[in-house]
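2 protein chains.
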Amino acid sequence: MAAVSSSDFAPPPVWVEEAARSMEKFARDHGALGTRVVLITSGGTKVPLESRTVRFLDNFSSGRRGSASAEYFVQAGYAVIFLHRHRSMYPYSRRYSNLNWMDALTLGPQSSGEQVQVDRSLVPGIVGILQEYRAMKESGRLLPVEFNTLSDYLHLLQAAAQALSPLGSNAMFYLAAAVSDFYIPASEMPEHKIQSSSGPLQLTMKMVPKMLSPLVKDWAPKAFVISFKLETDPSILIERARKALATYQHQVVIANVLDSRRSYVVVVTNTTESRLSVSEEEDRLGVEIEEKIIKDLASRHTNFLECQ
Amino acid sequence: MAAVSSSDFAPPPVWVEEAARSMEKFARDHGALGTRVVLITSGGTKVPLESRTVRFLDNFSSGRRGSASAEYFVQAGYAVIFLHRHRSMYPYSRRYSNLNWMDALTLGPQSSGEQVQVDRSLVPGIVGILQEYRAMKESGRLLPVEFNTLSDYLHLLQAAAQALSPLGSNAMFYLAAAVSDFYIPASEMPEHKIQSSSGPLQLTMKMVPKMLSPLVKDWAPKAFVISFKLETDPSILIERARKALATYQHQVVIANVLDSRRSYVVVVTNTTESRLSVSEEEDRLGVEIEEKIIKDLASRHTNFLECQ
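Protein chains in written order, with full-length UniProt numbering: chain S, 1 to 308; chain D, 1 to 308.
Honestly, the hints are just simulated from the structure, not real lab data.
Don't take each hint at face value.
Same chains, same label: a pair holds when it works inside one copy or across any pair of copies.
Within a straight-line C-alpha distance of at most 25 angstroms, the following computed DSS-like cross-link-like pairs (lysine-lysine) qualify [stated by the list, open to error]:
hint, residue 1, residue 2
1, Lys-206, Lys-193
2, Lys-137, Lys-25
3, Lys-193, Lys-243
4, Lys-210, Lys-193
5, Lys-217, Lys-193
6, Lys-210, Lys-222
7, Lys-217, Lys-243
8, Lys-243, Lys-206
9, Lys-222, Lys-193
10, Lys-222, Lys-243
Next comes chain S alone, as it looks inside the complex:
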């Protein structure tokens, strides 16, 4: 378990320890009820270039897939640890992520004591979505945990894996976050803002240790583990997914291409390749591909449990 505690990364801050305890309690409580628990990771990681950070490397990810998946996992009966990038999309509120709420609120008549109301013509479906959000909160089956930097993420992933390990095969990992492959070790990072007057910037970034390896081997060896493979070049997609399965020995890779990721994915296992897609007609009706992905995975998880 030395991978993350290496001196290359900042030591875990106190709030990580607190989050670790919350995740342990959450897993224990839901595990005791026989509920399956999934860890969803969502959003991109921030990789600082300076220790007092002005500049950082980031990965393209709005957190749309992870936050949508959280909704469908809760609906499918899972308890969800939602490990997400600070300010990335969040279950249910993601549906209004382009809305400026200042535009959507109106002042009611004075007689009502100046109620502030939502203009429902500007916020379609708000009543139903608010009810679903409330139901999710009241069920107690969503535990949100935030990260910002790559270092936060790595510490929290390890803590989450340790929290879920006692659940054995009832635990699922759904690793949808866009985690940086590269970083600058703490020991090689300049303290202060890099001065532009020093000329062109030369950066040498080390490769981030692949956490999937200790996760599958040591941290939660009985769990059902899904990773994601996002490429921009469709021609190398399936080959890269197969290579990841061979290397890490986990159960499923969801393979997708940047441009079509909202309408088409391939669910790759050691022996199968299943294509899932959302047609234009379904898209118009509001069907999301995450609904199909989660249905597929929940069923595979059931088979996985039966084979243990």
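Assemble chain D onto chain S, guided by the hints.
Using the frame of chain S, we list chain D on its own:
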């Protein structure tokens, strides 16, 4: 004006041309009324590392300073072009940037036809702030324009400068955006996602041309121009601010240190250094340093106009 149109950057997309026309009309209309017009830039720029972008370099900036400043400039009688990073903080709604609106909304009684209301205990001051937001919108004195990448930003800055140039000294530039100093030229950028299996990442980034130079010399030579200097090392702050004034020959540098930027800045001109700060007592009362900065700058702008 060749700086931005160089082949190092993507050519301006169609929406930039549209934004340019909106800015021209806005400047012309307000200029005709004798209103001073300020261009505020706000938020960080995204610098893609791949042309189908998965990874990018970013600058730390929530857009808090720019969005707060926009409010105080409107209050001071200015018309404001608010050139800001997509999803960065926005005037007024910034005050609720940590709020999940799903938590703040409640369903009213069935008899009222299921009104959705704001729980005002969770959203302090909402009535007053909503009124100020409405007043700002109705005044027509805020034109929001969005950017995402460094390339968007550079094209839009040039377009804004050309739009404001006819206003002469009535135009102000308040350049609070955290603009990257480095980029990878379009011609040297890989098309596809950089493969982590290729080993450690070596990046060589060119220096971004300093737009302040053509802005002051050619694009809007009569305008009142304010740039920002953010450092993490206080010992080099004033020297760096003075150097910028000497190099670009503009009017004001607002110098600030990362850790204390919300409570302390130095307004540096060729001949003066004025310290502005917010005391702990003022902070408790909700006083923001941007209110003091804008009051100071509006008065300097008046003097500047009288000296022309």
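When no copy is named, should Lys-210 and Lys-222 be tagged within, between, both, or neither for a Cα gap of at most 25 angstroms?
within (19 angstroms within a copy, 55 angstroms between copies)
**Message:** Within, between, both or neither: how does the pair Lys-217, Lys-193 come out at a Cα-Cα threshold of 25 angstroms?
**Reply:** Close neither inside one copy (39 angstroms) nor across copies (28 angstroms); limit 25 angstroms.
Please sort Lys-193 with Lys-243 into within, between, both or neither, judging by C-alpha distance up to 25 angstroms.
For Lys-193 and Lys-243, only the inter-copy Cα distance (17 angstroms) is at most 25 angstroms; the intra-copy one is 39 angstroms.
Check your understanding: Within a copy, between copies, both or neither: where do Lys-217 and Lys-243 come within 25 angstroms Cα-Cα?
Key -> So Lys-217 and Lys-243 pass the 25 angstroms test inside one copy only (17 angstroms; across, 56 angstroms).
Lys-206 and Lys-193: within-copy, between-copy, both or neither at 25 angstroms Cα: both (20 angstroms within a copy, 17 angstroms between copies)
_Within, between, both or neither: how does the pair Lys-222, Lys-193 come out at a Cα-Cα threshold of 25 angstroms?_
So Lys-222 and Lys-193 fail the 25 angstroms test inside a copy (45 angstroms) and across (32 angstroms) alike.
Status of Lys-206 relative to Lys-243 across identical chains (alpha carbons, at most 25 angstroms)
within (21 angstroms within a copy, 35 angstroms between copies)
Exercise. Evaluate Lys-222 and Lys-243 at a C-alpha cut-off of 25 angstroms and name the case that applies: within, between, both or neither.
Key: within (21 angstroms within a copy, 61 angstroms between copies)
**Study point:** Alpha-carbon proximity context of Lys-137 and Lys-25, limit 25 angstroms
**Key:** Only inside one copy: Lys-137 and Lys-25 sit 17 angstroms apart there, 48 angstroms across copies, limit 25 angstroms.
### Task
Have a look at Lys-210 and Lys-193 and pick one of within, between, both or neither, based on CA distance no larger than 25 angstroms.
between (29 angstroms within a copy, 18 angstroms between copies)
Checked against the numbered hints above, the structure breaks hints 5 and 9 and satisfies the rest.
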